[in-house]
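Chains as they are written, first to last, in numbering that gives the first Met the number 0: chain A, 0 to 255; chain B, 0 to 381; chain C, 0 to 339.
Don't take each hint at face value.
[To be verified] Simulated crosslink set (BS3-like; lysine-lysine; CA at most 25 Å straight-line):
no., chain 1, residue 1, chain 2, residue 2
1, C, K1, A, K133
2, A, K135, C, K281
3, B, K327, C, K122
4, C, K148, A, K85
5, A, K135, C, K278
6, A, K47, C, K148
7, C, K4, A, K117
8, C, K238, A, K13
9, C, K122, B, K336
10, A, K85, C, K122
11, A, K125, C, K281
12, B, K322, C, K1
13, C, K122, B, K316
14, B, K82, B, K171
15, A, K77, C, K238
16, C, K281, A, K133
[What the hints assert, rightly or not] Computed footprint of chain C on chain A; a stretch qualifies when at least three of its residues, placed anywhere within it, have a C-beta under 8 Å from a C-beta of chain C:
no., stretch
17, 90-102
18, 231-240
[Said to hold, decoys possible] One-sided and incomplete, this derived list gives chain C residues near chain B with beta-carbon spacing under 10 Å:
no., residue
19, W47
20, Y54
21, L191
Rather than coming from a laboratory, the hints here were simulated on the basis of the structure. Glycine included, every Cβ here is placed at the ideal spot set by N, Cα and C.
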Amino acid sequence: MRLEAQNLSIGYDKPRLEVVQSVNIKIKNAGLTAVIGINGSGKTTLVKNLAGLLNAQGGNILLYDEPLDSYNIKDIAKKISLVLTKQSLPQHLSVIDFVALGRQPYTNWLGLYEYQDKNHIIKALKQVELYEIKDKACSTLSDGQLQKVLIARAIAQNTPIIILDEPTSHLDMYHKAMVLNLLKDISINHDKSVVFATHEINLALQLCDSVILIKNKQVIQDTPQNLIHSGVLHELFPQDLIKFDEEAQLFKLNRI
Amino acid sequence: MLRTLSILGFVILIWSCVNQPKSETPKPIKQSKPNAFKIDYAKGFKVQVFEGFKLLTITEAWPNADKTFTYLLQTSDSINLPKTDYDYKIKTPIKSIVVTSTTHIPALEALGVLDNLVGFPNTDYISSDKARNLINQGQIKNVGQDQNLNTELLLLLQPDVVVSFAVKGQNKSVESIKKANIPVLYNADWVEAHPLGKAEWIKFFGLLFDKNDKAQQIFNTIKTEYEKAKTLGSKSQTKPTVISGALWKDQWYLPGGDSWQAQLIADANAEYLYADTESRGSLSLSFESVLNDSQNAEYWIAPAQYTSYQQMVDQQKHYEKFKAFKDKNIYTFAKTKGQTGGVLYYELAPQRPDWVLKDLIQIFHPQLLTNYEPKFFKPLDQ
Amino acid sequence: MKTLKLSLASILILLFVLMLNISLGSVSIPLKDIVQAIFTGESSTSTWTYIVLDYRLTKAMTAIIVGSGLGVSGLLMQTFFRNPLAGPYVLGLSSGAGLGVALLLMGSGLLGLSISNSLWFSKTAVILASSLGSLMVMIAVLLTSVKIKDSMALLIIGLMFASLTGAVVNLLSYFSASDELQQFVFWSLGSLGDLSWSEVSILGVFWFLGLTLCLFLIKPLDALLIGESYAKSLGVNIKVLQYTTIIATCLLTGSITAFAGPIAFIGLAIPHLMRLILKTNKHIIMLPAVCLSGAVVMLICDSISQLPGFDYTIPINAVTSLLGAPIVIWLILRSRQLNF
Chain A
0 MRLEAQNLSI GYDKPRLEVV QSVNIKIKNA GLTAVIGING SGKTTLVKNL
50 AGLLNAQGGN ILLYDEPLDS YNIKDIAKKI SLVLTKQSLP QHLSVIDFVA
100 LGRQPYTNWL GLYEYQDKNH IIKALKQVEL YEIKDKACST LSDGQLQKVL
150 IARAIAQNTP IIILDEPTSH LDMYHKAMVL NLLKDISINH DKSVVFATHE
200 INLALQLCDS VILIKNKQVI QDTPQNLIHS GVLHELFPQD LIKFDEEAQL
250 FKLNRI
Chain B
0 MLRTLSILGF VILIWSCVNQ PKSETPKPIK QSKPNAFKID YAKGFKVQVF
50 EGFKLLTITE AWPNADKTFT YLLQTSDSIN LPKTDYDYKI KTPIKSIVVT
100 STTHIPALEA LGVLDNLVGF PNTDYISSDK ARNLINQGQI KNVGQDQNLN
150 TELLLLLQPD VVVSFAVKGQ NKSVESIKKA NIPVLYNADW VEAHPLGKAE
200 WIKFFGLLFD KNDKAQQIFN TIKTEYEKAK TLGSKSQTKP TVISGALWKD
250 QWYLPGGDSW QAQLIADANA EYLYADTESR GSLSLSFESV LNDSQNAEYW
300 IAPAQYTSYQ QMVDQQKHYE KFKAFKDKNI YTFAKTKGQT GGVLYYELAP
350 QRPDWVLKDL IQIFHPQLLT NYEPKFFKPL DQ
Chain C
0 MKTLKLSLAS ILILLFVLML NISLGSVSIP LKDIVQAIFT GESSTSTWTY
50 IVLDYRLTKA MTAIIVGSGL GVSGLLMQTF FRNPLAGPYV LGLSSGAGLG
100 VALLLMGSGL LGLSISNSLW FSKTAVILAS SLGSLMVMIA VLLTSVKIKD
150 SMALLIIGLM FASLTGAVVN LLSYFSASDE LQQFVFWSLG SLGDLSWSEV
200 SILGVFWFLG LTLCLFLIKP LDALLIGESY AKSLGVNIKV LQYTTIIATC
250 LLTGSITAFA GPIAFIGLAI PHLMRLILKT NKHIIMLPAV CLSGAVVMLI
300 CDSISQLPGF DYTIPINAVT SLLGAPIVIW LILRSRQLNF
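Chain A on its own, in the form it takes in the complex:
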């Protein structure tokens, strides 16, 4: 079992607020897993907890069957990599410098890159098709390109688990599809467990191997097909404006 949450309860400490309780999640093999739920349901919090960025209020997280807090922070870095939402980056940081940072868990104390580090970096850049602009400054990239760079860095980190927080939130439809396809490709062809929090329920249902649904402070993990047919998706949102169409396996607008 690569990543497992046992009876996890997550939330905030100051003020104390429990967002989700009794979370039980299993990420066994490679595959694409989406975390979905309404606004404020705790997707980002859950995902950050799994990555080790936030501390849980109760329960355990197991990384390769060992508790997460027994790990050295550097060892976690070799198993889990992170892609967060868009943020401002230093002005002069180039694409290749940014991706190269993904190799930090493996480099020596001074951070010098060896042959295999350079290999990983170049491979990652080529995989996202950004090798040609490797010397451009990150601050000059388009949103779509920047998102690819963020993913490339996670790829260069060469971890079996990649965790993403809303990787498509600010992209146009085409690029949403592009990013999700990239993630699917990584999960299949590179043996990685990719877990991402997202609002794109329709796309997630179409692409993912497993879906984690947060509803009413509870968590359900299942395949998309099972979730669809269980009827749990119908009550996810208020039904005045959108409705889940079980046959089409999509959320659709209500005709007025």
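Starting from the known structure of chain A, arrange chains B and C on it as the hints suggest.
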């Protein structure tokens, strides 16, 4: 309408004729004698003697001042001058006084009016034994800190006059005292460039206490002693080279060529190495140039606050390179202090330049003054 | 190879500026005497030898240490707080130092210690007072960083310490005699030329320790460039990074302020200058670049402050501020943004 206006105009005319300002035409004044009040060396004040009153004018309250201050001194209240002619009207002799610089103390003591001193800022600085007794008895009160006089305390003391030193621009605490109708007079003895000019300011206090003759007599004694010493000094065959001051960080602070310290050195028949600089105050020069120009000076007087050679070399190894240091020819006034730590030189030297001159002559030409006990300058400790 | 060429060029520039700095001063000393004094220990006059070896050379060494040390501290603070306005004093170190020195020079007079003693204090006492002041601030900041997770909060607390100590200094200034106040003002104007070789060596030891610590910061600070969360996910121990950065900054800035007084602007301006010229954020390049350029700029400022040819000099802080402020303004206008 026209009628109303003409009546109004008539009323105004009558009213203006009736309401004459009182005592507007000043009595014709003539000076009793031109140059009745002789001032020999001081450049910062002058006195005009009239029938029944005197005008004391401070001409240089601070270096290159463009403002003068005039005080009307009279024994009775009878004189009326337009208020624009003077800054304060003082009835002499005054009974109580507050002064603000230790240089004012020796003049008061010499004139025998220390008992009239009621307040002084930071009394610890005073060295004079007589004054210290009065302080300990509570006669002289501590009225504040340097340039921040405590207005409340001063109001309580109600002195006839406060003698302060002016600075360019406004001194806030002085302003509030003036507002309380206490006259603030400016004493500019610190601006004087000649040692005797400084001593001559005893006449300033003489005027306030109506002891002009005594002040004149005391000054004449000092002047005579000074000239005697100067003549004695000129008899020496040698004219040694002299430096002064010391380093702070890498800046050397020393008296300028036009300062009273430079004048004293010249009058003691010695060559001050910075005599041709044009400053009445102090100069700050780079360490390099001072070392280059004065390394071989034979004597070194007044090295800031140092009292021992060890202290000097601990602070700055550079001092070892000076000849005067190596030959142990450094003399300081910092070792001579009053009971509460005030440096005697700052207080007494301006009033007694003759003693300073004799001290210096003994240093530069020891053969001329053999049985003399120096008053201020002592050799530096080991 | 480009790196090698660049490094050689920069070292040559440093040596050139060093020679220039030693050749210029209030006293005109011919170049041949200067070279002679350095290489043989003798020259035409012993005065000149002394000036060159025991005054100008020590001053130059101090300038190199001060320029590089403050520049590096500024770089650390700017990366750590991700704030382009941060400088070496943002933790409150110069304020702490100022408080220590103010208490020594002005406070002792107020406490009733003999006034004549308080008029002249030994250099060692001032150095110790300044170090203790900085140390106090460093401990306070470290303790606070144990409790506070957010770097931004740490920045604000540093600024508050600066205000607090500044207020106490103002209070002391108000009550102290003019002599003592003047001494404090002179200290706060900074001075490079006051140290003996043994004092320069002591300063050098702290400088060396500080810079050595910085070597270990190159890697984690690069990770910090993209945010604390990413840094953590890359294996950086944020708490250890915080402590190490604070200690390195305090070693460098605290020792420099103790021996040379507070020197304005260098720490703020040099990292920006280098960032704009080299167009990089990577610390493995920035660290040596800031070191060298800081040293070069400081030597130049010192030469200016010596006003060669005149007997007078101007305080070093005046030169660094007068030079630094327009440069920073020009940089901002040129690049339209002072990003970091």
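Verification of the hints:
This hinted pair checks out: K1 (chain C) and K133 (chain A) have alpha carbons roughly 19 Å apart, not beyond 25 Å. For the proposed pair K135 (chain A) and K281 (chain C), the alpha carbon gap of about 15 Å is at most 25 Å, so the pair holds. Of the pairs offered as hints, the one joining K327 (chain B) and K122 (chain C) holds, with about 23 Å between alpha carbons and a cut-off of 25 Å not exceeded. A hinted pair counts as satisfied when its Cα atoms are at most 25 Å apart, and K148 (chain C) with K85 (chain A) qualifies at roughly 22 Å.
The suggested pairing of K135 (chain A) with K278 (chain C) holds, with an alpha-carbon distance near 12 Å, which does not exceed 25 Å. Between the alpha carbons of K47 (chain A) and K148 (chain C) the distance comes to roughly 17 Å, so the proposed pair stays at or under 25 Å and holds. For the suggested pair K4 (chain C) and K117 (chain A), the alpha carbons sit about 23 Å apart, so the restraint of at most 25 Å is met. For the proposed pair K238 (chain C) and K13 (chain A), the alpha carbon gap of about 20 Å is at most 25 Å, so the pair holds.
About 24 Å separates the Cα atoms of K122 (chain C) and K336 (chain B), which keeps this hinted pair within 25 Å; it holds. Restraint check: the Cα-Cα separation between K85 (chain A) and K122 (chain C) comes to about 53 Å, which exceeds 25 Å; the hinted pair is violated. This hinted pair checks out: K125 (chain A) and K281 (chain C) have alpha carbons roughly 23 Å apart, not beyond 25 Å. A hinted pair counts as satisfied when its Cα atoms are at most 25 Å apart, and K322 (chain B) with K1 (chain C) does not qualify at roughly 55 Å.
For a cut-off of 25 Å, the pair hint linking K122 (chain C) to K316 (chain B) stands: about 11 Å separates their Cα positions. Of the pairs offered as hints, the one joining K82 (chain B) and K171 (chain B) holds, with about 23 Å between alpha carbons and a cut-off of 25 Å not exceeded. A distance of roughly 20 Å separates the Cα atoms of K77 (chain A) and K238 (chain C); the hinted pair therefore holds under the 25 Å criterion. Straight-line distance between C-alpha atoms of K281 (chain C) and K133 (chain A) comes to about 16 Å, which keeps the hinted pair within the 25 Å bound.
Coverage of the stretch 90-102 of chain A by chain C holds [criterion: at least 3 residues with CB-CB distance below 8 Å; count 7]. Check result for the stretch 231-240 of chain A against chain C: violated, 0 residues qualifying (beta carbon to beta carbon below 8 Å, three or more required). Of the supplied interface hints, the one on W47 (chain C) holds, with its beta-carbon coming within about 8 Å of a beta-carbon of chain B, less than 10 Å. Look at Y54 (chain C): its Cβ gets to within about 6 Å of chain B, closer than 10 Å, so that hint holds up.
Checking L191 (chain C) against chain B by beta carbon gives a least distance of about 8 Å; that is within 10 Å, so the hint holds.
Going down the numbered hints, you'll see the structure goes against 10, 12, 18, while the others check out.
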